[in-house]
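Student: If you read the protein sequences in the order shown, they are chains U and X.
The opening position of the first sequence corresponds to residue 110 in the numbering used here, with each subsequent residue numbered one higher.
The opening position of the second sequence corresponds to residue 93 in the numbering used here, with each subsequent residue numbered one higher.
Derived by calculation from the structure, the hints in this document are not laboratory data.
Incorrect hints may have been included.
[What the hints assert, rightly or not] Chain X residues, not near chain U, derived (Cβ > 12 Å throughout): (1) F110; (2) L163; (3) G176; (4) W253; (5) V271; (6) E280; (7) K315; (8) K316; (9) G386.
[As the list claims (entries may be wrong)] Below, a sample of chain U positions facing chain X; criterion: calculated Cβ distance under 10 Å: (10) C132; (11) E173; (12) I206; (13) G207; (14) L465; (15) D468; (16) A472; (17) V479; (18) M488; (19) Y544; (20) E549; (21) R567; (22) T578; (23) G590; (24) V594; (25) A598.
[As the list claims (entries may be wrong)] Computed list of lysine-lysine pairs in DSS-like fashion (alpha-carbon distance at most 30 Å, straight line): (26) X/K313 x U/K631; (27) U/K410 x X/K205; (28) X/K205 x U/K322; (29) X/K203 x U/K349.
Glycine residues also receive a C-beta, built at the ideal position from the N, C-alpha and C atoms.
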Amino acid sequence: MMRFAPWKITLTLAATLIAFMICIPSMIGAQNRAALASVLPSWLQPESIVLGLDLQGGAHLLYEVDRADVIRSMVGNLRDDLRRLLREEKVGISGGIGINARGVQVRIPEASDRARIMSKLSTLVPLSTAGGSGVDISDAGDGLLKLTITDAAIDNKVKRAVEQTIEVLNRRVNGLGTTEPNIQRQGNDRVLVEVPGLQDTNRLKEIVGTTAKLEFRLVGDPGANPGDVDMLEQTDQPGKLPVEKQVMVQGEDLTDATPGFDSRNGEPVVNFRFNIRGGQQFGQVTSANVGRPFAIVLDNKVISAPRILGPITGGSGQISGRFSVEQANNLAILLRAGALPAKLTIVEERTVGPGLGQDSIEAGKKAAYVAAALVVSYMLLTYGTFGVFANIALLIHISMIFAALVLLRATLTLPGIAGIVLTIGMAVDSNVLIYERIREESHAGRSIISALDAGFNRAFATIVDSNVTMFVVAAILYFLGAGPVRGFAVSLALGILTTIVTAVTMTRMMIALWYRYARPTKLPI
Amino acid sequence: MKLLRLAPENTKFPFMRFRRVSYPFSAVLSILSVVLFLTVGMNFGIDFSGGTLMEVQARSGAADLAYIRDLSDHLGLGDLEVQGFGSPADASIRFGMQPGGDQAQQVAVAKIKQVLGDSYDFRRVEVVGPRVSGELVQSGTLGVVLSILAVLAYLWFRFEWQFAIGAIIATMHDLLLTVGFFSITQLEFNTTSIAAILTIVGYSLNETVVVLDRIREMMRKYKKMPTDQLIDMSVNAVLPRTLMTATTVFLALLSLVVFGGQVIRSFSLAMMWGIFVATYSSIFICSPTLIYLGLRNESRAVAADEVTARGGKTGAKPLSSA
Numbered sequence: 110m111m112r113f114a115p116w117k118i119t120l121t122l123a124a125t126l127i128a129f130m131i132c133i134p135s136m137i138g139a140q141n142r143a144a145l146a147s148v149l150p151s152w153l154q155p156e157s158i159v160l161g162l163d164l165q166g167g168a169h170l171l172y173e174v175d176r177a178d179v180i181r182s183m184v185g186n187l188r189d190d191l192r193r194l195l196r197e198e199k200v201g202i203s204g205g206i207g208i209n210a211r212g213v214q215v216r217i218p219e220a221s222d223r224a225r226i227m228s229k230l231s232t233l234v235p236l237s238t239a240g241g242s243g244v245d246i247s248d249a250g251d252g253l254l255k256l257t258i259t260d261a262a263i264d265n266k267v268k269r270a271v272e273q274t275i276e277v278l279n280r281r282v283n284g285l286g287t288t289e290p291n292i293q294r295q296g297n298d299r300v301l302v303e304v305p306g307l308q309d310t311n312r313l314k315e316i317v318g319t320t321a322k323l324e325f326r327l328v329g330d331p332g333a334n335p336g337d338v339d340m341l342e343q344t345d346q347p348g349k350l351p352v353e354k355q356v357m358v359q360g361e362d363l364t365d366a367t368p369g370f371d372s373r374n375g376e377p378v379v380n381f382r383f384n385i386r387g388g389q390q391f392g393q394v395t396s397a398n399v400g401r402p403f404a405i406v407l408d409n410k411v412i413s414a415p416r417i418l419g420p421i422t423g424g425s426g427q428i429s430g431r432f433s434v435e436q437a438n439n440l441a442i443l444l445r446a447g448a449l450p451a452k453l454t455i456v457e458e459r460t461v462g463p464g465l466g467q468d469s470i471e472a473g474k475k476a477a478y479v480a481a482a483l484v485v486s487y488m489l490l491t492y493g494t495f496g497v498f499a500n501i502a503l504l505i506h507i508s509m510i511f512a513a514l515v516l517l518r519a520t521l522t523l524p525g526i527a528g529i530v531l532t533i534g535m536a537v538d539s540n541v542l543i544y545e546r547i548r549e550e551s552h553a554g555r556s557i558i559s560a561l562d563a564g565f566n567r568a569f570a571t572i573v574d575s576n577v578t579m580f581v582v583a584a585i586l587y588f589l590g591a592g593p594v595r596g597f598a599v600s601l602a603l604g605i606l607t608t609i610v611t612a613v614t615m616t617r618m619m620i621a622l623w624y625r626y627a628r629p630t631k632l633p634i
Numbered sequence: 093m094k095l096l097r098l099a100p101e102n103t104k105f106p107f108m109r110f111r112r113v114s115y116p117f118s119a120v121l122s123i124l125s126v127v128l129f130l131t132v133g134m135n136f137g138i139d140f141s142g143g144t145l146m147e148v149q150a151r152s153g154a155a156d157l158a159y160i161r162d163l164s165d166h167l168g169l170g171d172l173e174v175q176g177f178g179s180p181a182d183a184s185i186r187f188g189m190q191p192g193g194d195q196a197q198q199v200a201v202a203k204i205k206q207v208l209g210d211s212y213d214f215r216r217v218e219v220v221g222p223r224v225s226g227e228l229v230q231s232g233t234l235g236v237v238l239s240i241l242a243v244l245a246y247l248w249f250r251f252e253w254q255f256a257i258g259a260i261i262a263t264m265h266d267l268l269l270t271v272g273f274f275s276i277t278q279l280e281f282n283t284t285s286i287a288a289i290l291t292i293v294g295y296s297l298n299e300t301v302v303v304l305d306r307i308r309e310m311m312r313k314y315k316k317m318p319t320d321q322l323i324d325m326s327v328n329a330v331l332p333r334t335l336m337t338a339t340t341v342f343l344a345l346l347s348l349v350v351f352g353g354q355v356i357r358s359f360s361l362a363m364m365w366g367i368f369v370a371t372y373s374s375i376f377i378c379s380p381t382l383i384y385l386g387l388r389n390e391s392r393a394v395a396a397d398e399v400t401a402r403g404g405k406t407g408a409k410p411l412s413s414a
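Just chain U, same shape as in the assembly (with noise of 0.2 Å):
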């Protein structure tokens, strides 16, 4: 054992230097960070380590669209389609298209229109892009056939929501032009946003949670039909608006949408635009209907009302609705990124201001300075020379774990520095383990050279051993936990990983280089 290859000293040299290196760019500071990576060539940037939203500050939401939204929408739409295709296929019902939480039923009396039409009915909800059915058909006998959406249907249109809503919110939330946002899929109906570093959470909840779901209708007359208007709120007035069911333009159809301010009263308004099917719709409605009030509806809640004073075929057009300048900067955000697929709900929500996440760093760098000076001078009590190595290879130790953590472009949690100031406490057992035996070995009357020998081989089993054991525990903990208890199971996996290499490998080099150099006649512990 006290005899080492010359390449494996020079290895394990150069791997502690490039864990220090490593470690430099997370301790000098923002700005020093920044004037060495404009000296540096690229390459080489300096990384630093990243920090999990309890140390930086931040905002931690999980949403999870509303399954009963997505359905209710998909029923509303087999409505539409099935009404589509009795229109166009001639078929006679009687009584109307009747609703049900999970579908429609309709009843066609002629046999013979039922035979024709059933193989289009099973194409109303494609399960998927390649086809198939989407939908249960049944004959409850007497013409009356009963349509039910499939649960394949719903988890394929729920999967595909969460994809949508995810491009959605990446659009809304860069809008708000935070830094490095992380939005991302959770499972089969969640998206989880991480924000970092942000004071106001209410806006970004408005901007997120919003369905912003646009639409330009007309209002209707006082006389007309109560089956054709829909009542809505006023966002800007008390009382409800009979509005046409019919929607002229949607909120699809915008290409751009900017804040401003009106020219003749100065009030916040959200200018847009709309691409040519919008423009052209739009042009014709407004042509037709002068002198009509319109109703620019957000998620069924009327913005406003103005008149029709002309025909407005230029493309473009006007919001206002009494904002503030926030209120049209954000409308202007949503109506960029356009509308959700469904409604969103808050399921979990974390946040951190930037106050707590500070102290949370100072008290984690506190607690770790003097968890490793009480452990130093400890070692160094125990065992003098013996601690120094020691203490050298727990120095090493902390780098190459905080090395890795930079390395796997894991995140920093208090967990995680908890994790850390553990494994100082855990990193020295190794040592004693092997010392203790060296003590062990030598009382019982071996020669120096043999109870080394003997101390770094029959402690070693005892070392992976105990490691493993510490090791799968880390292992579930990071497949089970989430988020900081996560950057705990880093640590600590991180932590038993490099112990091995320092406590074993490089203390052995140590000693052995001591016993070449020092000449010892007896052992100092």
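Since chain U is already given, all that's left is putting chain X on it; use the hints.
Tutor: Leaving out everything else, chain X in the frame of chain U:
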């Protein structure tokens, strides 16, 4: 330089003689822990019970706890738990799940923010809805069970079955006593506490494995020694290391408790307790089990041969000089 030694040289404590005391003692403590858990219960944090936790800091002066407590009547949020902690300007507000699903939790948060927003900073807001808390309970329980099973499997593979059983009994003992600790101290039990429990499981096994390793080695060396003597000798041999490691980990945890801040204090305190219990159980609970399970009676020669065969893999050699 005179070096510091925690344990005197060459101790010969008759640890195994204490099993007649330690077993009943631990059994009583374990039962007490279960009883406490069932009657008093743990102080579940919002991770598992659902609800809302806010930490607010007054922008100037001290936090007006009485005023914040009164809010519960005004806002109709049910029981509002308000506590001061840290500096006088800090306060934590906790309330349970609001009826009406996930949406209702957000409404409650908005209400409080509206009332306190002008004079307080919201340093932390955590809202855990009913479904998420249910899932966290599930994954937490799964984690504890899985890690015990995984470690059991490993021990089974590496040691004789008596060792594995001894280790599991010791681990269960530590788990129960930790649960008892949470029940008695009413420290908040949250996802970080699960991390603490699993780490205690890991540490407890670590301790146990070190003792067991040595017992196995001694079994090979002294084939005729009675089991209790053999275990006593092994435990005495690893005693310096056990005390040394427990102390270094304790020192690290102590600095976490004192300086690590409010957020992880419950974690650090639980770990401290865990270290203490794990060290005790590896000596007084795990090792005596081997006597009860008749490690030697069950055809010693066969066991010893098997051990030698397995031990060969790990690089341990029989002692040449004693």
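Student: Give a verdict on every hint.
Tutor: Results of checking the hints against the structure:
At roughly 23 Å, the least C-beta separation between X/F110 and chain U is larger than 12 Å, which holds for a residue marked as non-interface. Distance check for X/L163 against chain U: the nearest CB is about 18 Å away, which clears 12 Å, and the non-interface claim stands. For X/G176, the requirement that its beta carbon stay farther than 12 Å from each beta carbon of chain U is met, with the minimum near 16 Å. With a minimum CB-CB distance of about 16 Å to chain U, X/W253 clears the 12 Å threshold, and the non-interface call stands.
The Cβ of X/V271 lies farther than 12 Å from every Cβ of chain U, with a closest approach of about 17 Å, so its non-interface assignment holds. The beta carbon of X/E280 sits about 14 Å from the closest Cβ of chain U, which is more than 12 Å, so the claim that it is off the interface holds. Non-interface call for X/K315 relative to chain U: holds, since the shortest CB-CB distance, roughly 19 Å, exceeds 12 Å. Annotated as non-interface, X/K316 keeps its C-beta farther than 12 Å from every C-beta of chain U; the closest such distance is 20 Å.
Listed as a non-interface residue, X/G386 keeps its Cβ farther than 12 Å from every Cβ of chain U; the least gap is roughly 23 Å. Checking U/C132 against chain X: minimum C-beta separation of about 20 Å lies over 10 Å; hint violated. With a cut of 10 Å, the hint placing U/E173 at the interface with chain X holds, because the nearest CB-to-CB distance is about 7 Å. Checking U/I206 against chain X by beta carbon gives a least distance of about 31 Å; that is not within 10 Å, so the hint is violated.
Because the smallest distance between the Cβ of U/G207 and any Cβ of chain X comes to about 28 Å, over 10 Å, the interface hint for this residue is violated. Because the beta carbon of U/L465 sits about 4 Å from the nearest beta carbon in chain X, less than 10 Å, this interface hint is met. For the restraint placing U/D468 at the interface with chain X, the shortest Cβ-Cβ distance is roughly 7 Å, inside the 10 Å limit, so the hint holds. At its closest, the beta carbon of U/A472 sits 3 Å from a beta carbon of chain X; the interface hint therefore holds under the 10 Å criterion.
At about 4 Å, the closest approach between the beta carbon of U/V479 and any beta carbon in chain X falls short of 10 Å, and the interface hint on this residue holds. For U/M488, the interface hint holds, since its Cβ comes within 10 Å of a Cβ in chain X; the closest pair sits about 7 Å apart. Of the supplied interface hints, the one on U/Y544 holds, with its beta-carbon coming within about 8 Å of a beta-carbon of chain X, less than 10 Å. About 7 Å separates the beta-carbon of U/E549 from the nearest beta-carbon of chain X, less than 10 Å, and the hint is met.
Checking U/R567 against chain X: minimum C-beta separation of about 6 Å stays under 10 Å; hint holds. Below 10 Å, beta-carbon pairs count as interface contacts, and U/T578 has one with chain X at about 4 Å; its hint therefore holds. The restraint placing U/G590 at the interface with chain X holds, with a minimum CB-CB distance near 7 Å, inside the 10 Å limit. The closest approach between the C-beta of U/V594 and any C-beta of chain X is roughly 5 Å, which is under the 10 Å cut-off, so the hint is satisfied.
With 10 Å as the threshold, the beta carbon of U/A598 comes within range of chain X, its nearest partner Cβ sitting at about 7 Å, so the hint holds. Distance check on the hinted pair: X/K313 and U/K631 sit about 27 Å apart at the alpha-carbon level, within 30 Å; holds. Between U/K410 and X/K205, the direct Cα distance comes to roughly 25 Å. Compliance with the 30 Å bound is thereby established for this hinted pair. A hinted pair counts as satisfied when its Cα atoms are at most 30 Å apart, and X/K205 with U/K322 qualifies at roughly 28 Å.
The suggested pairing of X/K203 with U/K349 holds, with an alpha-carbon distance near 26 Å, which does not exceed 30 Å.
Figure legend: structure checked against the earlier numbered hints; hints not met, in rising order: 10, 12, 13.
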